[in-house]
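First to last, the sequence lines map onto chains H, F and C. Sequential numbering from 1 applies to the first sequence in my numbering. Sequential numbering from 1 applies to the second sequence in my numbering. Sequential numbering from 1 applies to the third sequence in my numbering.
It should be emphasised that the hints constitute simulated quantities derived from the structure, not laboratory data. Be a bit skeptical, because a hint or two may be false.
Okay, the calculated beta carbon distance ranges per label pair [claimed, not checked]: (1) Leu74(H) with Ser35(F): 27 to 33 Å; (2) Val107(H) with Ile378(C): 44 to 50 Å; (3) Leu19(F) with Gly72(C): 45 to 51 Å; (4) Phe4(C) with Leu74(H): 50 to 56 Å; (5) Pro320(C) with Ser110(H): 40 to 46 Å.
Partial list, computed: chain H residues near chain C (C-beta under 7 Å) [unchecked claim]: (6) Ala58; (7) Tyr60; (8) Gly62; (9) Ala63; (10) Val69; (11) Phe70; (12) Ile71; (13) Met73; (14) Val131; (15) Ile159; (16) Leu169.
If you're wondering where the values come from, they're calculated on a predicted model, not measured in any experiment. For glycine and all other residues, C-beta sits at the position ideal for the given N, C-alpha and C.
Next come the chains, spelled out residue by residue.
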Amino acid sequence: MDSILFYLFALVMIAFGFGVVMNRNPVTSAMCLVGCFLGVAALFIMLDAFFIGVVQIAVYAGAVIVLFVFILMLLDIAGEKRREFPIHAIAIGLIVAVIVGGQIAMVAGSLDDVGGKFPPIDKAAAVEARVERGNNPDSTINTILTDPKKPSYPDVHIIGEALFTRYPLHLQIVAVLLTVGAVGVVVLSKKRLE
Amino acid sequence: MAYIKIKRPRLGLFEKLYLPALIKGLRITLGHAISTLRGKKRETMQYPEEKWDDNMPEHYRGAPALVTDEQGRERCVACQLCEFICPPRAITILPEEIPTEDKWAKVEKRPRKFEIDMIRCIYCGLCEEVCPEQAIFLRKDYAITGLTREDMVHDKEKLYEIGGVRTGLVNKWNELK
Amino acid sequence: MDLFTFLSSSVMVLVVFTIVLTLVPISVYLERRVSAVIQDRLGPNRVGLPLTLFGAKKDFHLFGLFQPAADGIKLFLKEDHTPAHVNKFYFILAPALVMVPALLSAAVIPFGSTMDMPFFEGRQVQLAVANVDIGPLLIFAIASLTVYGIVIAGWASNSRYPFLGGVRSSAQMISYEICLGLSIIPVLLYFGDLNLGRIADQQSRDGWLLLPIAFGGDGPVVDWRTLLLLPTLLIAFIIFTVSLFAETNRAPFDLPECETELVSGYHTEYSSMKFALFFMGEYAAMVVGSALIVTLFFGGWALPFGLDNLIRDPATGAFPWWASLMHMGVFLTKVIGFIVFFIWVRWTVPRFRYDQLMKLGWVVFFELALANILLAAILIAIFG
């Protein structure tokens, strides 16, 4: 069942991915990108990474691409359709694709147990490893992890803990970067008005 | 052109919050809802059971109709003034001569055909206003219905049936319509 | 996954689908009746069971409850017109893109308590399609896809008014999604959980979130820590409700279909069932939104004052089947109550201007929600 779903969503992703590249109509390309993101989200959710999957939909499919479509709707689509692809763009694209494909093949080849099933997550061992890494042994995450009543993996808690205890500086750097971006956009658009 | 500068009222914090005003508005609508639900207030008329008939205003302009006088003579002399003035051209008149042996031969003309297409009629009342013989009046009939277009054309019999008899000195400009 | 789980989930899918699709015509009916009553009118009160057609002496009016059925038949029989100047593929796709997310997001809402199955000993069924650990987030994520339907409808119609409606709605919905997401963070901090089933269950033990009085529970009748948090939760509730109005394009924020300026906005060019899908999608979104508000702030399926503690099976935490069905009724009553509130507001408040709408979202609610999160986090860190 799981593998059938995996292949299904993988196929959906690849098909929509081709759609993004091949389509001449930019709006269709953007909509294909949405389909592609939905496929990615489905794969994340199949791996029990519910939070990442849902954020994938909410942020990329729900917000970023909406802005893309918003801009595309204001553009001259007919002119965009007529444009020819230059030959060197296609060549560079092919080279990048070959490099990425080779890398995936190398990583996949170095895995030992290809085709076999991964064992289920040993939750007691996970708690031990977390404590060893310097996490608080009394953290609620540990109790949730070992609670038999809540069988799912507390991914939201773990992501939150990692972000706010281990990587707070990185988080703030990203936040500052985003703020700078937003302020920059305002400054640039004001400048053009004058 | 003079510009008028409107001074916007300066709102205090309480008014800027918007929520108090919102609650006030909700209270007003709730009050209306409750009084309607309790049957105290109702603007709707339950149509087939209750009708306008009794409370029709004096000036109401309904379906146009032809009238006869006290001797049973049709007042219309087929002058066709109403046909000419009718803005949507709803009226069709075919005049005929009144034969000499007739009691009213002196009137000379009467309509052989008098039709008002009620799909076209806009109830403007110009026909009534223009009529020199005071033969056409707008009555208070408002429910003009039919299943086909032919049903909606009022012929002479129908027009006389709606109009009925007008006795005495009919003066269309007075209250007695 | 065994056969029992499979069958019970399938039945739940059917039940939830039916409930949402039944609530849509009911809310349309309520919209017409409530608006009428507010304006001192009567509203549709005639269409009932036409028993005279079958030889009975009198028709059965039922307060006009069959009016939506008549509306539906009318919409089916209307001419389905596709203008020549539209982009056909997207023109047909757009109504589906509005309707599908609205129905999908109902999947995570717990419509009732965990039920002890009557004929299967020891089996329990959660009355929700998917009891996932990211309930509200999933609803936001899927609801954020609704905007595509509207934007694509506006763009594919290839005419001015729909396009303006589409542009407006995309900006409006993206802006208010942020407020929507930020506003409930205090609530989620309070519960420490994202699972809507468990959130509702906790409220059945400790009292509703906005009515934290519970008798017969493990804790005290009134928890002072909850009382301390209550102001922040109330602010969260106000921001969330108002943002939901904007997110579902309901008045006073129905600018994408603002009929005084844009004819009827993004669905100007649509007719027949394609239009009906937009219409139903809007109401389905309203139903799901009401259900989410009820689940987060008003205890979901829980009775007030922790009365559920008297019926609950203390060992498993599940309920006998009759109690579960009663909980479903309680939940639906609350949801319909909220739908009436939505309608009540629509017929009270005049439409906002577009700049006022944007200002409210970005200048007022965004900052207020952020400050609210900070306040709630500090309170929880100190007293929690």
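How the hints compare with the structure:
1. Leu74(H) with Ser35(F): 27 to 33 Å: Because 50 Å falls outside the window, the suggested range is violated.
2. Val107(H) with Ile378(C): 44 to 50 Å: 45 Å, holds
3. Leu19(F) with Gly72(C): 45 to 51 Å: Taking Cβ atoms as reference, Leu19(F) and Gly72(C) lie about 38 Å apart, which means the hint is violated.
4. Phe4(C) with Leu74(H): 50 to 56 Å: Taking Cβ atoms as reference, Phe4(C) and Leu74(H) lie about 54 Å apart, which means the hint holds.
5. Pro320(C) with Ser110(H): 40 to 46 Å: Given range 40 to 46 Å: violated, Cβ gap about 56 Å.
6. Ala58: 4 Å, holds
7. Tyr60: Cβ of Tyr60(H) sits 10 Å from chain C, so the hint is violated.
8. Gly62: 3 Å, holds
9. Ala63: For Ala63(H), the interface hint holds, since the closest Cβ of chain C sits about 6 Å away, which is under 7 Å.
10. Val69: 6 Å, holds
11. Phe70: 5 Å, holds
12. Ile71: 10 Å, violated
13. Met73: Since the shortest Cβ distance to chain C is 5 Å, the answer is holds.
14. Val131: 21 Å, violated
15. Ile159: Interface hint status for Ile159(H): violated (11 Å vs cutoff 7 Å).
16. Leu169: 19 Å, violated
In summary, the numbered hints that this structure violates are 1, 3, 5, 7, 12, 14, 15, 16.
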